[in-house]
Structures are given as C-alpha cells and as structure tokens.
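Visitor: Sequences listed follow chains P and V, in order.
For the first sequence, full-length UniProt numbering assigns the number 1 to the initial residue and increments by one for each residue that follows.
For the second sequence, full-length UniProt numbering assigns the number 1 to the initial residue and increments by one for each residue that follows.
These are computed hints drawn from the structure, not numbers from a lab.
Mixed in with the good hints there might be a few duds.
All copies of an identical chain are treated as equivalent in the list; a pair is satisfied when it fits inside any one copy or across any two copies.
Stated by the list, open to error - For lysine-lysine, the following DSS-like pairs were computed, each having C-alpha atoms within a straight-line distance of at most 27 Å:
| hint | residue 1 | residue 2 |
| --- | --- | --- |
| 1 | K398 | K115 |
| 2 | K317 | K115 |
| 3 | K383 | K444 |
| 4 | K156 | K317 |
| 5 | K169 | K390 |
| 6 | K169 | K398 |
| 7 | K156 | K169 |
| 8 | K383 | K433 |
| 9 | K383 | K373 |
Number of protein chains: 2
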Amino acid sequence: MACATNAISLSLSSNPNSKLSSDFIPKLNKPVNVSLRASTSAELNPGRLFLSRPIGLSRRNCANATPVMDQSVGERSSSVPTIVEVDLGNRSYPIYIGSGLLDQHELLQKHVHGKKVLVVTNTTIAPLYLDKVVDALTKGNPNVSVENVILPDGEKYKNMETLMKVFDKAIESRLDRRCTFVALGGGVIGDMCGFAAAAFLRGVNFIQIPTTVMAQVDSSVGGKTGINHPLGKNLIGAFYQPQCVLIDTDTLNTLPNRELASGLAEVIKYGLIRDAEFFEWQEKNMEKLMARDPDAFAYAIKRSCENKAEVVSLDEKESGLRATLNLGHTFGHAIETGFGYGEWLHGEAVAAGTVMAVDMSYRLGWIDSSIVKRVTDILQRAKLPTAPPKTMTVEMFKSVMAVDKKVADGLLRLILLKGPLGNCVFTGEYDRKALDDTLSAFCKS
Amino acid sequence: MACATNAISLSLSSNPNSKLSSDFIPKLNKPVNVSLRASTSAELNPGRLFLSRPIGLSRRNCANATPVMDQSVGERSSSVPTIVEVDLGNRSYPIYIGSGLLDQHELLQKHVHGKKVLVVTNTTIAPLYLDKVVDALTKGNPNVSVENVILPDGEKYKNMETLMKVFDKAIESRLDRRCTFVALGGGVIGDMCGFAAAAFLRGVNFIQIPTTVMAQVDSSVGGKTGINHPLGKNLIGAFYQPQCVLIDTDTLNTLPNRELASGLAEVIKYGLIRDAEFFEWQEKNMEKLMARDPDAFAYAIKRSCENKAEVVSLDEKESGLRATLNLGHTFGHAIETGFGYGEWLHGEAVAAGTVMAVDMSYRLGWIDSSIVKRVTDILQRAKLPTAPPKTMTVEMFKSVMAVDKKVADGLLRLILLKGPLGNCVFTGEYDRKALDDTLSAFCKS
Numbered sequence: 001m002a003c004a005t006n007a008i009s010l011s012l013s014s015n016p017n018s019k020l021s022s023d024f025i026p027k028l029n030k031p032v033n034v035s036l037r038a039s040t041s042a043e044l045n046p047g048r049l050f051l052s053r054p055i056g057l058s059r060r061n062c063a064n065a066t067p068v069m070d071q072s073v074g075e076r077s078s079s080v081p082t083i084v085e086v087d088l089g090n091r092s093y094p095i096y097i098g099s100g101l102l103d104q105h106e107l108l109q110k111h112v113h114g115k116k117v118l119v120v121t122n123t124t125i126a127p128l129y130l131d132k133v134v135d136a137l138t139k140g141n142p143n144v145s146v147e148n149v150i151l152p153d154g155e156k157y158k159n160m161e162t163l164m165k166v167f168d169k170a171i172e173s174r175l176d177r178r179c180t181f182v183a184l185g186g187g188v189i190g191d192m193c194g195f196a197a198a199a200f201l202r203g204v205n206f207i208q209i210p211t212t213v214m215a216q217v218d219s220s221v222g223g224k225t226g227i228n229h230p231l232g233k234n235l236i237g238a239f240y241q242p243q244c245v246l247i248d249t250d251t252l253n254t255l256p257n258r259e260l261a262s263g264l265a266e267v268i269k270y271g272l273i274r275d276a277e278f279f280e281w282q283e284k285n286m287e288k289l290m291a292r293d294p295d296a297f298a299y300a301i302k303r304s305c306e307n308k309a310e311v312v313s314l315d316e317k318e319s320g321l322r323a324t325l326n327l328g329h330t331f332g333h334a335i336e337t338g339f340g341y342g343e344w345l346h347g348e349a350v351a352a353g354t355v356m357a358v359d360m361s362y363r364l365g366w367i368d369s370s371i372v373k374r375v376t377d378i379l380q381r382a383k384l385p386t387a388p389p390k391t392m393t394v395e396m397f398k399s400v401m402a403v404d405k406k407v408a409d410g411l412l413r414l415i416l417l418k419g420p421l422g423n424c425v426f427t428g429e430y431d432r433k434a435l436d437d438t439l440s441a442f443c444k445s
Numbered sequence: 001m002a003c004a005t006n007a008i009s010l011s012l013s014s015n016p017n018s019k020l021s022s023d024f025i026p027k028l029n030k031p032v033n034v035s036l037r038a039s040t041s042a043e044l045n046p047g048r049l050f051l052s053r054p055i056g057l058s059r060r061n062c063a064n065a066t067p068v069m070d071q072s073v074g075e076r077s078s079s080v081p082t083i084v085e086v087d088l089g090n091r092s093y094p095i096y097i098g099s100g101l102l103d104q105h106e107l108l109q110k111h112v113h114g115k116k117v118l119v120v121t122n123t124t125i126a127p128l129y130l131d132k133v134v135d136a137l138t139k140g141n142p143n144v145s146v147e148n149v150i151l152p153d154g155e156k157y158k159n160m161e162t163l164m165k166v167f168d169k170a171i172e173s174r175l176d177r178r179c180t181f182v183a184l185g186g187g188v189i190g191d192m193c194g195f196a197a198a199a200f201l202r203g204v205n206f207i208q209i210p211t212t213v214m215a216q217v218d219s220s221v222g223g224k225t226g227i228n229h230p231l232g233k234n235l236i237g238a239f240y241q242p243q244c245v246l247i248d249t250d251t252l253n254t255l256p257n258r259e260l261a262s263g264l265a266e267v268i269k270y271g272l273i274r275d276a277e278f279f280e281w282q283e284k285n286m287e288k289l290m291a292r293d294p295d296a297f298a299y300a301i302k303r304s305c306e307n308k309a310e311v312v313s314l315d316e317k318e319s320g321l322r323a324t325l326n327l328g329h330t331f332g333h334a335i336e337t338g339f340g341y342g343e344w345l346h347g348e349a350v351a352a353g354t355v356m357a358v359d360m361s362y363r364l365g366w367i368d369s370s371i372v373k374r375v376t377d378i379l380q381r382a383k384l385p386t387a388p389p390k391t392m393t394v395e396m397f398k399s400v401m402a403v404d405k406k407v408a409d410g411l412l413r414l415i416l417l418k419g420p421l422g423n424c425v426f427t428g429e430y431d432r433k434a435l436d437d438t439l440s441a442f443c444k445s
C-alpha cells in the first residue's frame with residue numbers, strides 16, 4: 001500500500017556524483033571506492049523513530065508504505081543496517097546506519113578490542129542511552145568491563161580541561177593499550193573522545209556512536225578529532241580513525257528540534273559542494289526532514305555518509321579535496337569563536353557562514369543569483385540562520401579567520417561555489433575586495 | 001700519527017647484528033633496511049667537542065690520531081655528517097650526526113617547510129644555542145621568520161600545562177599548517193615539541209635538534225612523543241615522526257657529567273638487548289666515554305642510532321620488537337613516577353631498572369650470573385645507580401607498573417634478558433614470584 005504523503009518519487013542513484021571543479025588540487029586521482037552493502041530488508045520502525053511528529057505526516061497510518069530507497073518495512077524492532085564503507089586501506093571501517101542497531105549487540109561487540117571499554121558521554125546523553133550502550137557491550141560478553149566518564153554538555157567544554165577528565169578516568173581505571181573508547185553523543189563528544197583515544201598511550205581503539213544529526217551525517221565520520229583553543233576552534237587534535245561508526249537512528253528520537261536543524265546545515269552542504277541531485281532532493285523533501293520523516297532522514301544520513309566517506313577516502317589528511325567539506329565553516333568558526341562557544345550551535349554558525357560564502361562566490365561572479373536564492377531559501381526552510389549574529393564585527397571575523405587551519409603561508413584559503421550547482425573550489429586565489437565586501441555586507445561595523 | 005690512548009682497536013661492523021629470541025612476536029619479517037651513507041671525510045674537531053676533559057685523555061695532543069671508524073680528522077670546524085636513515089616508507093627521514101652541523105645552514109634549511117618556524121626550547125638551552133639555531137634557520141633564507149617558546153627545564157614540567165604554552169605561542173604567532181616546529185633540547189623538549197607538532201592543527205612538520213646524549217642516542221629518534229600524567233610517564237602522546245634529526249655533537253660540550261652518564265644508560269641498553277658486540281665495545285671503552293673522548297662518543301651515538309633506526313623501521317608502532325627498547329624502563333618509570341619526576345634523571349632510573357630486570361631474568365633462570373655481573377659493572381663504571389632509591393617500596397613499584405603502557409588485558413609484559421648476551425624477550429609469560437622476589441630484594445618494604 002503506497003502512502004502518498006511519504007512516497008519519494010525522485011530517482012536516486014546510490015552513488016552520489018562527484019562533480020569537481022578543475023580548480024581542484026589534482027593529486028587525488030585514486031579511484032573512488034565507496035562500497036555500499038545495502039540491506040535487503042532494512043526497516044525503519046515508524047512507531048519508534050520519532051517522539052514528535054506533526055499532524056498529517058504520521059507514518060503510523062502507513063506502515064506498509066511503498067519502500068523508499070532500499071528499505072522494506074517489517075515487524076521487527078531492529079533493522080538490518082545499511083553499511084557505508086570508509087575506504088582507507090588497512091584502516092578502513094564501516095558506518096552502520098539503521099533503526100534499533102543498539103539492540104544488535106554483536107554489531108558493537110565485534111569491534112571492541114580488549115577487555116575494558118571506556119564510554120565517553122555527557123550529562124544529557126548518559127541518562128538516555130548509557131545503560132543501553134553498556135548492555136550492548138556486555139550482554140553475552142561477560143569478559144568485558146565497561147567504565148564511563150560523563151562530561152558536561154556543550155561546545156564550551158570542548159577544551160583541554162575537559163579532555164584531561166577522560167585521561168584521568170582512563171588511567172584511574174587502569175585501561176591499557178588493548179582497551180576501547182566509545183564516543184556516545186554528538187560532535188563535541190566524538191571529537192574529544194576521538195582525540196583522547198588518539199593520545200591515550202599513544203593510541204587506542206575507539207568506536208563512534210553519534211546521537212545527533214550533526215554527528216551522524218558529518219563529524220563522526222572521517223577521523224577528525226580535537227578540541228578548541230580559546231583563540232580558535234579545533235586547533236588541537238589528530239586525524240584518527242575509529243573502528244566503526246554505529247548510527248542508531250532511534251537516538252534521534254530524543255534530539256531537540258534546534259539540534260536537528262543544526263545537523264541539516266551539513267546535509268545541505270554536501271549538496272552544494274558536490275551532489276546537486278541530493279540538493280534537489282532536499283529542496284523537494286525539506287518539509288519531510290523537518291517533520292522527522294524516518295525514511296527521508298535515513299536517506300539523508302546515508303547519502304551524507306556516502307559523500308563524506310568518498311571524500312575522506314580520497315583525501316584523508318585534507319591536502320585539498322577534503323577541505324571542501326568546510327564550506328561555510330571558516331565564516332562559521334569565526335562566529336562560534338567570536339560570539340562565544342556554545343551560543344550558537346555549530347550547524348547554525350555553518351548555515352550563516354554558508355550564506356556568506358555563497359554571497360562572496362556571487363560577488364566574484366562565480367555563480368549566478370539563482371543559487372544564492374536557493375541556498376537562502378533551503379536554509380530558511382530548515383529554520384537555520386542566514387546571517388551572523390548582529391554583534392559580529394568585520395574585525396572579529398578577520399581576527400579569528402587569521403588563525404584558521406586553512407591559512408597557508410599567511411594566505412587564507414576558502415571554499416567557494418563556482419559554476420553550476422554542486423561545484424566548488426578550495427582556493428586562496430580570489431579578489432580580497434569580495435571578501436571585504438561580504439564581511440561589510442553582513443556586519444554593521 | 002697514532003694516539004695510543006684513543007685508538008680503538010676493535011673491528012666493528014657498521015650494521016649491528018640483530019639477534020632476536022624466538023619468543024618474539026613473529027610478525028616483523030620486513031627486511032631490515034638501515035642505509036648508512038657514511039661520510040668520507042667526517043671529522044670531530046677535538047678542540048671544540050668538550051668543555052671538560054680529564055688529564056691524560058686530552059685529544060688536543062692527538063689531533064691527527066688514527067681515524068676511528070669512518071672519521072678522518074682535518075682542519076675544518078664542521079664535519080660532513082654521518083647519516084643514518086630511518087626507513088619508514090614515505091615518512092623516512094635522516095639522522096645527521098657530526099661536529100659543527102649547526103654551522104651547516106643548508107642541512108637544517110632543506111627540512112624546513114613553510115615560512116614560519118617555532119623553536120621550542122628551555123631555559124637552560126636557550127642561552128646556549130637558541131641564537132645559533134635561529135642563525136642556522138635564517139642565514140641566507142630571509143623568507144623564514146622564527147618564533148620561539150622557552151619552557152622551564154626538567155621532567156617535572158613535561159605536562160599538559162607546559163604543553164599548552166607551546167600551543168598558545170603557536171596560535172598567537174599565527175602559525176599555520178605549513179609551519180615547522182623545531183625541538184631544541186633534551187628528551188623532555190623533544191617529546192613535548194613532537195607531541196605539540198602532532199596535535200597542532202592536527203599535525204605540522206617538525207625537526208629534532210637533540211642536545212643531550214639521552215636525546216641523541218634514543219628519544220629524538222623514532223617518533224615517540226608525549227607528556228606525563230601525574231599517575232604515570234608518557235601516558236599521553238602520539239607516534240609522530242620528524243622531518244630529520246640533527247645531532248650536532250658539539251652541543252655535548254655544555255652537558256653536565258650527570259646528564260652525560262644518564263644518556264649512557266640507553267647506550268648500554270642497545271648492547272644488552274640486541275648488539276653484544278656493541279656491549280663488548282662499551283666494556284672496553286667506558287672510560288673513554290666517561291672522559292668524553294669525541295671519537296668514542298661519535299661512534300656510540302652512531303651505533304645507537306643505527307640500532308634505534310633498525311628497530312623503529314621494523315616496528316614503528318610498538319607491536320612487539322620496539323618494546324624491547326624499554327629494557328629497564330618499566331621499573332625505571334616506576335622510580336621516576338613514584339620518587340617524583342625530575343628527582344632522578346631518566347637514565348639513572350633506567351639504569352637501576354635495568355639492574356632489576358636483569359636480576360629478575362637471572363631469577364627466572366634465563367641468563368647466567370656472568371651477565372648480571374657485567375651489567376652491574378658497566379653501569380657502575382658509567383657512574384649510574386644500580387639500585388632504586390631507598391624510599392621506593394614494593395607497593396610504589398606495583399601501583400605505577402599497573403598503568404604501564406605495556407600492560408595488555410591486565411597482564412604486565414616486561415623486557416627481560418634471555419640467552420646469551422644481546423638477546424632479550426618481551427613477554428607476559430614469566431613466573432610472578434620472580435617479579436615479587438626482585439621487588440622485595442630491591443626494596444626495604
């Protein structure tokens with residue numbers, strides 16, 4: 001039985017098109033290898049996936065809806081996960097995506113090394129999911145003991161002081177090199193736990209269990225870990241890949257609307273920089289995403305992870321291509337740092353930053369005005385900001401952007417759109433006046 | 001003209017023999033590749049190498065001594081460096097060893113990336129060598145600007161608080177990913193600067209300029225970086241390889257005797273674990289080393305670096321073989337941590353730890369008593385301690401050893417001698433009673 005309100009009629013390729021502008025650093029000619037072991041009976045249990053749902057978009061009445069993509073609907077509470085592989089040679093790892101995956105204990109357990117696990121989480125997530133994760137780690141697995149450290153929640157705690165709490169706990173618990181760290185939470189937890197795992201005893205295994213859209217579509221994949229410095233975001237860290245990423249989409253049940261929207265900023269980013277088809281799909285389905293339609297969300301997560309996995313496989317250490325994932329982030333980081341860590345969510349800052357990057361691209365004559373409008377429109381539909389906070393000044397932007405990781409020999413390189421939708425460049429070769437004009441246009445002083 | 005007091009008559013192979021016990025983890029069957037581009041006219045200027053020299057061993061009277069190994073003596077103040085290559089695929093790098101290398105500006109400059117350099121040093125070394133290093137970096141190289149950060153001197157400052165000073169300086173100086181960190185100092189500076197380079201912007205280039213025997217023969221080579229935690233040594237860090245290691249043996253001129261002896265503990269270690277010929281050479285030449293004979297020292301540094309480079313090339317991340325470089329270090333770290341960081345020098349603690357490891361090996365019946373005696377004798381000749389401080393208790397040893405990085409799934413693995421001189425094992429399979437007996441024998445309570 002088809003359910004018209006949820007059917008997604010677009011024809012979608014499982015491998016996103018990679019449309020790279022010729023401006024790209026051309027070193028990256030390794031063949032793309034995003035294997036997608038798609039499930040044959042994947043399911044998103046509509047009764048469990050979301051807490052709140054607007055009237056008219058309920059899936060309860062449409063449990064036998066026409067399958068969207070490769071998901072079929074059944075009675076079990078757990079799905080066979082969709083698997084997206086991050087191809088990095090002997091450090092390759094799977095991203096598992098699906099509903100009820102935390103109930104599939106063997107999925108997590110097979111990636112645990114050693115007999116001791118340290119779950120790193122925060123005060124918001126611990127009451128919701130810590131017991132469930134401990135169960136998943138220990139059920140039928142009595143040899144494993146699980147410790148945990150519960151950090152304060154928020155970007156403003158992503159610093160050295162909080163990181164030391166993880167080391168303290170690990171050392172007090174006498175964890176050794178054959179232990180496993182598990183990051184249970186959003187991007188802040190994933191980044192800090194990953195960096196702690198990279199540095200503890202010079203490197204131990206770790207697993208990402210992201211619980212926010214932001215972390216599920218972006219930060220948990222690809223091995224970027226780190227902490228903030230008072231003068232700039234993510235300035236201290238490591239490239240360090242996890243054993244696996246386990247995305248149980250049920251964890252989105254408890255995610256506040258504002259956090260959900262924040263994650264969509266990164267989803268939109270993938271469309272803009274390299275996947276026009278995905279952007280067009282988002283334009284047609286933004287209301288479904290905002291209404292937490294489970295199939296639409298599962299698809300958005302999968303396609304985002306495919307894009308991320310492909311980029312990371314081609315350029316793990318960000319020698320060029322990978323930097324494009326930072327569209328809007330240079331402006332965004334300036335907002336986060338200048339306005340105060342945690343005042344705006346990361347995705348909110350990225351959304352405003354994306355509008356600024358797009359504005360600058362237009363001023364440079366690199367895109368036409370229709371793209372500017374489409375970007376602003378879709379961000380507004382995602383209830384995301386399209387301009388920086390009014391208190392941000394040109395000087396605040398410039399001082400933070402000067403210490404951005406993409407500065408090379410003093411030259412700030414930016415990700416800017418260029419050409420038709422889905423194309424971008426990462427370049428330091430742009431007219432400085434366009435940057436100044438953009439900053440002036442978005443700041444009062 | 002031969003100079004009898006300094007001539008070394010042993011015939012020495014340039015590649016140390018690698019004698020591995022069958023107990024070794026057998027994964028490491030990659031071919032050994034220690035290339036040694038030996039100099040043809042290397043020189044150690046005897047008038048410059050050492051500040052103090054005992055009567056009767058002065059080289060001033062024997063400037064034309066018979067060449068030892070591949071060094072010939074001439075009039076120039078700088079030598080053609082001996083080069084030992086650390087073979088790690090695309091992360092391979094050279095170790096330059098010689099007198100006056102800091103005057104050979106091109107040697108350093110060719111390994112600098114980017115336009116900005118941060119020299120990390122300490123309050124002891126800065127007045128002695130900072131200007132010289134800045135000269136070496138900038139002479140004829142006006143595009144490079146050099147910043148520096150001068151840390152307090154000593155193992156007790158090898159912590160997160162001091163590390164943050166490096167990040168602060170790097171960020172305030174607006175260093176970007178194309179900068180180079182230079183570690184100028186002993187092991188503490190090398191370890192901290194290396195970890196800072198590993199974590200700053202998720203990794204920037206760095207160069208090691210070790211100024212102590214300890215750093216020149218051991219810690220600057222192989223990419224182990226890190227800081228201490230109040231509960232244990234080197235528990236937080238990274239494997240991160242430098243661009244090059246530049247060992248200007250002239251920097252030993254200013255090294256106090258106690259520091260010099262401390263470094264010899266690691267030199268002795270190489271002989272014990274894998275290079276019996278080198279140990280025998282040391283037995284014959286310890287007085288020369290203690291008298292700072294330049295040729296003997298140059299040889300000891302070269303042969304130590306060859307041993308270290310070979311082990312690191314075979315097992316960079318310490319899956320087995322590399323752990324053997326930690327002979328005596330597990331007991332030694334317990335002394336350093338339990339007795340207080342900086343009370344004993346690292347090599348002093350390692351010397352006492354080596355005696356304990358050898359004692360335990362003998363109790364297990366793995367070596368004969370002659371080796372025990374030879375180890376104690378040579379350490380005493382090097383003016384190194386052969387027992388832990390009297391205040392150390394069995395409990396202090398056990399509590400620190402429990403968090404040692406070589407613990408795996410709760411089992412403490414140790415490096416112990418086994419078989420003829422030059423053979424050792426890295427194993428958790430030993431009679432616990434032997435460990436208890438050794439601890440009891442060396443502690444009053």
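Visitor: Each hint should be assessed against the structure and marked as holding or not.
Guide: Going through the hints against the structure:
For the homomeric pair K398 and K115, the shortest alpha-carbon distance between copies (21 Å) is at most 27 Å, but the shortest distance inside one copy (48 Å) is not. For the homomeric pair K317 and K115, the shortest alpha-carbon distance between copies (21 Å) is at most 27 Å, but the shortest distance inside one copy (31 Å) is not. Only within a single protomer do K383 and K444 lie at most 27 Å apart by alpha-carbon distance; the minimum there is 23 Å, versus 70 Å between protomers. In this assembly of identical chains, K156 and K317 lie within 27 Å of each other by CA distance solely inside one copy; the values are 26 Å within and 34 Å between copies.
In this assembly of identical chains, the alpha carbons of K169 and K390 never lie at most 27 Å apart, being 41 Å within a copy and 31 Å across copies at closest. When the C-alpha separation of K169 and K398 is checked against a cutoff of 27 Å, the pair qualifies only between copies, where the shortest distance is 19 Å, while the shortest distance within a copy is 39 Å. Taking the shortest alpha-carbon separations for K156 and K169, both the intra-copy value of 21 Å and the inter-copy value of 21 Å come in at or below 27 Å. In this assembly of identical chains, the alpha carbons of K383 and K433 never lie at most 27 Å apart, being 30 Å within a copy and 68 Å across copies at closest.
Taking the shortest Cα distances, K383 and K373 sit within 27 Å of each other inside one copy (15 Å), while across copies they are farther apart (77 Å).
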